[in-house]
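Q: The listed protein sequences correspond, in order, to chains A and B.
Quick note on numbering: my numbering labels position 176 of the first sequence as 176, and the sequence is numbered without any gaps.
To convert, count from 1 in the second sequence and add 535; that's my numbering.
Any given hint could be a false lead.
Unchecked claim - Computed, partial: chain B to chain A, Cβ under 10 Å:
| hint | residue |
| --- | --- |
| 1 | Met687 |
| 2 | Ala700 |
| 3 | Leu787 |
| 4 | Phe788 |
| 5 | Ala800 |
What the hints assert, rightly or not - Computed footprint of chain B on chain A; a stretch qualifies when at least three of its residues, placed anywhere within it, have a C-beta under 8 Å from a C-beta of chain B:
| hint | segment |
| --- | --- |
| 6 | 93-104 |
| 7 | 242-255 |
For the record, the hints were derived by calculation from the structure and aren't laboratory data.
Quick reminder that beta carbons are idealized off the backbone N, C-alpha and C, glycines included.
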Amino acid sequence: MMHKGGKGMSTRRALALVVAAVFLLPLSAGAQADRPLVYAQNVAVTAMDTAGSTIGTVYPAGYEAMFLIYDNLVAFNDKMQIVPQLATEWSVSRDALTWTFRLRRGVTFHDGTPFDADAAVFHIQRQIDTATNRANRPLWDPISGVRKVDDLTIAISTQKPYGALLSTLAHGSGGVVSPTAVRRLGEGFARAPVGAGPYIVERLDTGTELVLRRNDNYWGGRPAYSRIILRHVPDPTTRIALLLSGQADVINLIPPENVAQLQGNPNVEVISRPALRTFGFAFNLNRRFFQDVRVRHAFNYAVNRGPVIKAIFKDFATPIDSPLSPFTAGYTPVNKWEYDLDRAKALMAEAGWRPGPDGVLRKDGQAFEITLLTPISMLPKDIEVTQAFQNFLRVIGVRATINRVEPAAFFDMVRVPPDRIQWDMVLFGFNPSNGDGAYHLTSLFESNPNRTGPPKVWNFTWYVNPKVDELLNQADVTVDQVKRNELLAQAARIIWNDAPYVWLYAENVIVAKRKEIKNVEVLPVIFTILRNARP
Amino acid sequence: MGLFALRRLLLLVPQTLGVATLIFLVFRWVPGDPALIAAGPSATQAQVEAIRRDLGLDQPLWVQYAVFLRGLSRGDLGTSLSLKQPVTRILRTRLGPSLVLMAASLALTIVLAIPSGVVAAVRPHGALAQAVMGVSILALSIPNFLVGMILMQYLAVRLGWLPAAGTGGLLYLVMPTLAVAARLVALVSRTTRASVIEVLNEDFVRTARAKGLAARTVLYRHALRPALVPILTMIGLQAGYLLGGSIVVETLFAYQGLGQAMITAVSLRDYFLVQGITLIYVAGFLLITLIMDLSYAAFDPRIRYA
Chain A
1 MMHKGGKGMS TRRALALVVA AVFLLPLSAG AQADRPLVYA QNVAVTAMDT
51 AGSTIGTVYP AGYEAMFLIY DNLVAFNDKM QIVPQLATEW SVSRDALTWT
101 FRLRRGVTFH DGTPFDADAA VFHIQRQIDT ATNRANRPLW DPISGVRKVD
151 DLTIAISTQK PYGALLSTLA HGSGGVVSPT AVRRLGEGFA RAPVGAGPYI
201 VERLDTGTEL VLRRNDNYWG GRPAYSRIIL RHVPDPTTRI ALLLSGQADV
251 INLIPPENVA QLQGNPNVEV ISRPALRTFG FAFNLNRRFF QDVRVRHAFN
301 YAVNRGPVIK AIFKDFATPI DSPLSPFTAG YTPVNKWEYD LDRAKALMAE
351 AGWRPGPDGV LRKDGQAFEI TLLTPISMLP KDIEVTQAFQ NFLRVIGVRA
401 TINRVEPAAF FDMVRVPPDR IQWDMVLFGF NPSNGDGAYH LTSLFESNPN
451 RTGPPKVWNF TWYVNPKVDE LLNQADVTVD QVKRNELLAQ AARIIWNDAP
501 YVWLYAENVI VAKRKEIKNV EVLPVIFTIL RNARP
Chain B
536 MGLFALRRLL LLVPQTLGVA TLIFLVFRWV PGDPALIAAG PSATQAQVEA
586 IRRDLGLDQP LWVQYAVFLR GLSRGDLGTS LSLKQPVTRI LRTRLGPSLV
636 LMAASLALTI VLAIPSGVVA AVRPHGALAQ AVMGVSILAL SIPNFLVGMI
686 LMQYLAVRLG WLPAAGTGGL LYLVMPTLAV AARLVALVSR TTRASVIEVL
736 NEDFVRTARA KGLAARTVLY RHALRPALVP ILTMIGLQAG YLLGGSIVVE
786 TLFAYQGLGQ AMITAVSLRD YFLVQGITLI YVAGFLLITL IMDLSYAAFD
836 PRIRYA
């Protein structure tokens, strides 16, 4: 009996040891020194080519990866100012049509190819050629050519003066690629990109994670981490759990309602700042009742933005005072639309709308009934915001019904010719990904070339104001930043008062990190920049 | 039996083909133009048209269908728009982890649910029976993602015993398995209890008892096998839940299976990938149903297929 029992014990103990070993293996491996920096992102990194052939880079994950892998000629700092990167200095000709860039000496790409004027020319040509690059066309189309001046100097020429050239070069699609790698890898370059940035692609497990390793030859000094892992974690609760349990060091896209939970933790720091994306309800200006500017003003006065931002966004949004966000280049405040119910009602009355027996406004026997279009869970708190707006409209006697659509169907309903629009107002937010105000205003408010097709870019309100067109065209060809900002301010003022939108707020970008990690930069373009991060 | 199995196996071919056709049509009818989505927000109309040509979406429907079928017959499901890889390659890398999660959940279900259900049936008023039934009601009423979130909060964030999410060693499998299996265990243990109680009241059990057989022998040799039929049916019916539930749980735990790939594909509007994954899910469902049908005969001596 004794013998048997003893044997049983030892077998069991051995089994327990095996089980313990199997279970503890991954933990002990992870506890070793030289920990990688783990960044949990809401979307997956897929293609990382600066010159997209068909589908664009996934936003923001793809660009965040590209800012680690590539260096640009010039870059944004976290105040959205332009700073030198692979170009050390630049100048623009007197006619403002030619820009000369002096390039940094002694830089090599990850594959050993030297960075020089030939490489820079190759990069620019590849970006501007519509055969090699179909993505981000509005940014690259204004550039007409590029040539080598000497081994470390290039000249970029534009057909018209191009005020936003530096913003374009600093954009995610402005990362300088290794010409050797592009020629060698062809289509495969998107999955194994080679740049001159601080981190090198080690492994891409598509849809799951991207592992980057340190570029020991980086010209700007040895990067702090031996490895950076960008991991796709779609669920915000899970990203928070990863951060709190120490499995992730930085996480993005935190819902406002979860911030309090994180702020209570001593090991965590929350970074929140206004983003460039501004939101509003766009009017379908093809509808007769919206062609009266008094109605559009009344709608703007009818919305009490403060409580909406407090209740729905927990104050992690900022009411806007211009079509542009405060951090967008060219921003100048216009004024705020204050909540003024009496004024709203008076304006509606002035426009000829009288309340009927049911409280709904009527004019010429027609009731003021409209449809609000919103995507489902594509824009932050889209449904909640639309419901709040519906209630504000009810107070002034407008009956609105909400049409919620799947994100996949949303753009098909918005980008249609004017006679096929099936909504009266739509919730929309635009993010100028190069940080430039002219890009923002032109995309949304420049009049469309014709009414037979869909809008050229995002002017689906079909707003037309020749004065605005003229100012935007001028701003486009003005290189002097002071003059350019003045033109944009004028355009913004006119648009703001024409009110093709019920203007609402700029969202905040909310990122959290372990407190001990330093130099995590969060750009208002919603990018988290980790290239300078250090433990 | 052999002939029946063969016939059912052959039937899988037209079934899968029918389903594939249906999926093909549905994906052409749902709103959202793949070319427009692939082109991105700043594309011009000409670029959208070029992409439409590249993807073959400008062809008439029957040509597209012919291309789809030809690809299918060669095991080619097209190229993912977003991941720029053949869909089949993505399916290959993602299928394994999903199968592991499903198998683990199923194994946990069988190990926990059937014994607890039998015990609850034999002593319906015992403390254990009461506990099993109480817990199972609770497990049935909490959705699996909530189970997952609660587990994550306690086991990973508060206690730090398990990694919160990801794929890796066995430790990473624990919470997703529990989250998926919770509902199954509850359901199957309740079914087992009801089924065993019913069989124990049947005439042949009374006969067996009358022969003077031990209670244990009656239970294991006579009652349990026929009682397994409804249990198997229940497990089979839950195959759909197993597939669907794993999508939610995989996404929550950032577990690199098919379910998470599905969510990514949908959010990136990657039509070909969604189409491919849907096809795998449906084929999986058909296969599970077949296995269930065949296993009835193996467990219940009264069922024979001609």
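Q: All hints, please: hold or fail.
A: Comparing the hints with the structure gives:
This hint holds: Met687/B has a C-beta 5 Å from the nearest C-beta of chain A, less than the 10 Å allowed. With a least beta-carbon distance of about 5 Å to chain A, the hint placing Ala700/B at the interface is held under the 10 Å criterion. Annotation: Leu787/B was flagged as interfacial toward chain A, and the flag holds, the nearest CB pair being 5 Å apart, inside 10 Å. Because the closest C-beta pair between Phe788/B and chain A is about 7 Å apart, less than 10 Å, the hint holds.
The beta carbon of Ala800/B is positioned within 10 Å of a beta carbon in chain A (closest approach about 8 Å), and the interface hint is therefore held. For a cut-off of 8 Å, the count of residues in the segment 93-104 of chain A with a CB near a CB of chain B stands at 0, and the three-residue condition is violated. For the segment 242-255 of chain A, the stated coverage by chain B is satisfied: 5 residues place a CB nearer than 8 Å to a CB of that chain, which reaches the threshold of 3.
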